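Student: Here's the letter readout for the chains.
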Amino acid sequence: MESPLTDAPTDTRTISVTVNGTRWQGEVEVRKTLADFLREDGGFTGVHVGCEHGVCGACSVLMDGEVVRSCILFAVQADGHEITTVEGLGNEDELSPLQQAFVDHHALQCGFCTPGMLLAAVDLLKHCPDPSEAQVREALSGNLCMCTGYAGIIRAVRAAAPRMKG
Amino acid sequence: MEASSTQWKGRAVPLREDLRFSTGRGTYIDDMKFPDTLHVALLRSVHAHARIREVDISEALAMPGVVCGLTGEDAARMSEPLRSLIPIPVQLDAYCLAYGKVTHVGEPVAAILATSRYLAEDALEKIRVEYEPLPAAVDPEAAMEPDAPLLFESMGTNVMWQDRFDYGDVDEAFGRAARVLKKRFYIQRYSSTALETFGCTAVYDDRREQLTIWSNDQRPGQAMPIVAHSLGLTHSRIRFVTPDVGGGFGNKRKAHYLIIAALLSRLSGGKPVHYLEDRRENLMALIHACNGVMDLEAALDEDGHILGLKVRDIADEGANVLNPTVHSILKLGNLTNCYRIPVVRYEVNSVMTNKCPSGANRGIGKPFMCLAMERMMDHLGRELDMDPIELRRRNLVPPEAMPYTGPSGALIDSGDFAGTLDKLLPLIDYQEFLREQQEARAQGRYIGIGIAIGLEPSTSNASAYMLSSGRRSASGAAEAAMVRVEHDGSILVLLGDVGSGQGHETAAAQIVADELGVAMDGVRVSPFFDSLVTPWLYATGNYSNKFAGTDVGAILGAARKVRDKLLELAAYLLEEPLDNLELAEGCVRARNRHVHRKTLAELAFVAYRDLLSLPPDMEPGLEGRFYYRPDIANVPDENRRVRNQLFASNAAHGVIVEVDPGTGGVTILKYGVVHDCGTVLNPSIVEGLVQGATAHGIGAALFEEFDYDAEGNLKATTFVDYLKPTAVEIPDVRMDHLVTPSPYTPLGMKGVGEGGAIPAPAAICNAVENALAPLGCTFDHLPLTPERVWTEIEKARASK
Amino acid sequence: MKPPRFRYHTPRSLSEALDLLRESPGDARVLAGGQSLVPLLNLRLAYPDVLVDLNQVEGLSHIRDEGGRLSIGAMTRQREAEFSELLAQRCPLLIEALAQVGHPAIRNRGTIGGSLAHADPVAELPCVMTALDAELVATGPGGQRVIAAGEFFLAPYETALSPGEILVEVRVPSAPTAVAASFMEFSRRHGDFALAEAAAVLEGDGTLTGARVVAAGPAWTPSRLEQVEQLVAASGVGRTDSAAQRDLVEAAGRAAEDAVAALPSHADATPYQRRLAAVLVKRAVAQALERWSRH
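Chains as they are written, first to last, in our numbering: chain F, 57 to 222; chain C, 36 to 835; chain V, 13 to 307.
There could be a bad hint or two in this list.
What the hints assert, rightly or not - Pulled a few chain C residues facing chain F out of the computed Cβ check, cut under 7 angstroms: (1) Thr58; (2) Phe187; (3) Ala751; (4) Thr752; (5) Thr753.
To be verified - SDA-like cross-link-like pairs, simulated, lysine to any residue; straight-line CA separation at most 25 angstroms: (6) Lys835(C) x Thr282(V); (7) Lys161(C) x Gln299(V); (8) Lys835(C) x Ala263(V); (9) Lys161(C) x Leu49(V); (10) Lys182(F) x Thr282(V); (11) Lys182(F) x Ala263(V); (12) Lys44(C) x Pro781(C); (13) Lys705(C) x Arg519(C); (14) Lys705(C) x Glu189(F); (15) Lys750(C) x Ala58(V); (16) Lys458(C) x Arg428(C); (17) Lys830(C) x Asp270(V); (18) Lys161(C) x Pro781(C); (19) Lys835(C) x Arg428(C); (20) Lys458(C) x Ser504(C).
Keep in mind the hints are simulated off the structure, nothing from the lab.
Given the structure is predicted, the values throughout are model-derived calculations rather than measurements.
Quick reminder that beta carbons are idealized off the backbone N, C-alpha and C, glycines included.
In isolation and in its complexed conformation, chain F is listed as follows (with noise of 0.2 angstroms):
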């Protein structure tokens, strides 16, 4: 099969985001993802993108304070919105609660899951402050990583939830 509109004129939108509390301004064609916005035009290199169709959560980033996957959103969709990517969440010298606990649990090995996990954890810590282990593993049942067998990552998350409330 073939696109009947590959030799139209590109469809372009001028879209304003707020990512980590900064504006960007920029035109993207309408057909540009979240995720590749993000990491192409404002280099948050942070979105990680592992599969482009929605399973594994690599490219997880909250919109106005909910996760989503930017792999199957339009950069146009977050038009007017407020995205965080984990370069919003804390930078080396000053961690949040949960990069810290990821950190002192060893939640990660190969580090590529690791953003997408972090902002499906601020998620679910946000509606359920002190999940239960089934819960944390529920809640990141839709971030896949490869490396650690989870063990890691539910102990952190739930090693961090005390310090993440209020």
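Here the structure of chain F is known, so what remains is to put chains C and V in place on it, guided by the hints.
Tutor: Showing chains C and V alone in chain F's frame:
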């Protein structure tokens, strides 16, 4: 000289790479940005087997943003065929793009270079390919038949390698056996599927005759020579850099893509050319572990001792022309697992089919060998009416027999297999389980236990491939490292094996900090391999679980060179005898008078700047390079016995499952692993790798399968169809350790990355069978999907 | 894996959206949460000419108590419904099913209407809306019409919506006679589309007087199992009569096997999937009874 202090080694120090990764500041291949980068999209075969009549890319070249393109014909004109990674029995001409013929679905047929990946993919739709479809060889046993469709007509067969190894008088052993049991086992195609896909950026500067490749290829030592050969470049004109690697597990290498990117860069006048697999391409065409068929025949005496073993293995290599026979060769290392089986016949069939090329995948062949052997032990237990744990105990190689050489020449350097098993049973509350099982059965519930023990040989010895190729080529095992005290006294470590999540930056720093008497903070380990500065050799890379076997030796060797020089320089400057000096607290100091000292910064100042203060015959600088080669590697002897891998860890797995007879669903209730990888450098790393590898084994046992239909179409090409287990399916593994140091590695360490993946499929299959023992169900195929389990339950119920 | 080109519109009102659908040349598709459509675009398995994004259309996102029924706007995010106190009180079955739709990141974007209009034969919402006897409200060039859930799903990925129509609302009747309900699904992994699923809504007072029982998976569409429903209705089982309840569960399981076998099934359906659906029906009935008796 004093022995190394052990201030950092052995401690669960937090991993420094974790800090970088948990803030999203890793630099993976797709994060490297170069101005004016162009993007590649590949058109891939929709046929499993077809002749290519014509490839017309002219319309595609006229599309917006398109810079240039390549067909197989172009590739054959501009490059040489890919040289295989290992010497193979027959040399076959394969180019970076299919030329003349496609041999599997997903094989790259043409490449388009455009200003964005979006535009490149648009242009792919304008390529016209005329195929002449051919019948496909899909089933490996059928592919061995004389009338099977041939992947390579020049071979006259699809059987790449067929051989028989008689290690001892097998017929004699079977002749005096009290009992003989024969069983057939199957394994499916699966893959570890690192979360980051494979990719590269190439800059081919024709004027300066310099090719630079950035790639997450986990084996740059092999990739460089292949690329050099295909492009007709000397190694000295190629620079190869690896960034952070988002998981590897053996899969991450495919020189085809590096060559395509290099050719396109050349065609575009030296622009940076980026190619990154998308997930569908990754699942269709990177690497699958071989599927296989194995017939196992065991001869036993009256008391359950195994007298001899016959192994007939068929490894379905798919369209692998670069390193077929790997799966067959590596099984030599665990052919008899942890058991003292004196004689073995090993019949090898390495068969080509019209499927994705097979290749390295966590454990390579060993998971299947272990699956068959450990499933066989349970079958034998039933046959003899003997507790399968007791049967295992009777056959284990005892600790006093170490180091033990198995019939194939495989070396087990150390281990206490009975000790590992002893620790496992309480870990999974074995006695309590037996009671629970009785109660459960009375209630009509099906819970079961499965035990599997697995040898985990690591550090491949390249000379083993002489067995399949019949000729001498690469041999031995090795890695290279550099340690340098910089001008300011800081310490830099470069390692050929940069790792893909194994914590090398931390582990290497622990070793070097102890060796040079400094705090870990003072040691930086480069996360990147760069062939311009990193010492490397053919064996360089991240594979075969070799950190303990070769990398540690290279790091230590390099550190000790620097250490010796620091001591020598300090002795001269402090006017102290060498044997009264020690390295501690960032200084070289007199043992009896700590204030009599020189800091590393002071010594470096002399070594790099105040050169006339150096001893007259001393070379300036404080740099040590070391190429470490374990001396126990050998070449095959006259009986074709060889140490194909060099150091053996081992693990005992115990799993308790519940089977829901209504749905066929299998739930893991408890999972225990006792692992022995010798001396532990960093417990956090070891536990992470064991848990993670076990998850891979669970995936293979219950979820993952690359199934092909009869025409050779792959049925799982997305993560919707190829099921990786999630946090809900993978249990928290209870873990315990035994420490049996290797007598042959510098620190007594042994490999740790595969020990979870090797026994897990067998343990789970044994557990499901044990749960369904009242019905008498047996399983010879994985994964144990609910449908497969339910079908066996229904069959068993119908036959009762 | 990048989507093909398309034209993109963000109407602010329903009438604007309907105009765009009508006037767009070629294949115009509605974009709701995008959790199914965008993957298909990325994989280049769908090539719409035009996407009409409903995310900025006013008035399509709400959960309201409208006396005799609950009204849910089609663009209500699944996650919002999952956390709705009104639904928790009035329609816990829906919450139970929603919690099994994909993962939080999917539900944060995915909409109630989007899932229904996509009509995956094993999606949770079509099954549960059929069991709840919901009404689906569509607006199109010819005005508004109301379609019963049982008549909305025609085949896998095929609904009663006409080209140019947009699903705008779901109405869930308040059933004062419903005493307990259960939703059961079985999937390979948590969050996957199910291999099969079942929903049961029991009605009665002190004794059972009726039921709505739905199975999905092997069949073309989520389907009411009338034989099972009649069996439950005729049973007259009381709330505390545990022996009779056990018998009813067994009988329902047997009836479900026949009923599922009689459903028109799709080409990929296996004997396993049919049996699985029957097993889940039995378990859903059992769980609903158990919930009822615990009241």
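Student: Against each hint, give a clear statement of whether it holds in the structure.
Tutor: Hint check:
Because the closest C-beta pair between Thr58(C) and chain F is about 5 angstroms apart, less than 7 angstroms, the hint holds. Residue-level restraint check for Phe187(C) is violated (minimum Cβ-Cβ distance to chain F is 32 angstroms; threshold 7 angstroms). Against a cut-off of 7 angstroms between C-beta atoms, the interface hint on Ala751(C) is violated, since the closest Cβ of chain F lies about 12 angstroms away. Interface restraint check: Thr752(C) against chain F, minimum CB-CB distance 10 angstroms, threshold 7 angstroms, status violated.
The closest approach between the C-beta of Thr753(C) and any C-beta of chain F is roughly 6 angstroms, which is under the 7 angstroms cut-off, so the hint is satisfied. Between Lys835(C) and Thr282(V), the direct Cα distance comes to roughly 23 angstroms. Compliance with the 25 angstroms bound is thereby established for this hinted pair. In summary, the hint linking Lys161(C) to Gln299(V) is not supported, as the alpha carbons are separated by about 56 angstroms, beyond the 25 angstroms threshold. Under the criterion of a C-alpha separation no larger than 25 angstroms, the hint pairing Lys835(C) with Ala263(V) is consistent with the structure, at around 23 angstroms.
At most 25 angstroms may separate the alpha-carbon atoms for a hinted pair to count; Lys161(C) and Leu49(V) meet this at roughly 24 angstroms. Between Lys182(F) and Thr282(V), the direct Cα distance comes to roughly 42 angstroms. Violation of the 25 angstroms bound is thereby established for this hinted pair. Of the pairs offered as hints, the one joining Lys182(F) and Ala263(V) is violated, with about 45 angstroms between alpha carbons and a cut-off of 25 angstroms exceeded. Between Lys44(C) and Pro781(C) the alpha-carbon distance is near 13 angstroms, which keeps this suggested pair within the 25 angstroms criterion.
Annotation: proposed proximity of Lys705(C) to Arg519(C) is violated, straight-line Cα distance about 47 angstroms (limit 25 angstroms). As the CA atoms of Lys705(C) and Glu189(F) are separated by approximately 15 angstroms, the hinted pair is consistent with the 25 angstroms bound. For a cut-off of 25 angstroms, the pair hint linking Lys750(C) to Ala58(V) stands: about 19 angstroms separates their Cα positions. This hinted pair checks out: Lys458(C) and Arg428(C) have alpha carbons roughly 13 angstroms apart, not beyond 25 angstroms.
A threshold of 25 angstroms between alpha carbons decides the hint, and for Lys830(C) with Asp270(V) the separation of about 20 angstroms falls inside it, so the pair holds. Using a Cα cut-off of 25 angstroms, the hinted pair Lys161(C) and Pro781(C) is violated, with the two alpha carbons roughly 58 angstroms apart. Taking the CA atoms of Lys835(C) and Arg428(C), the gap is near 34 angstroms; set against the 25 angstroms cutoff, the hint is violated. Our distance criterion of 25 angstroms between C-alpha atoms is broken by Lys458(C) and Ser504(C), whose separation comes to about 42 angstroms.
Violated hints for the displayed structure, listed by number in ascending order: 2, 3, 4, 7, 10, 11, 13, 18, 19 and 20.
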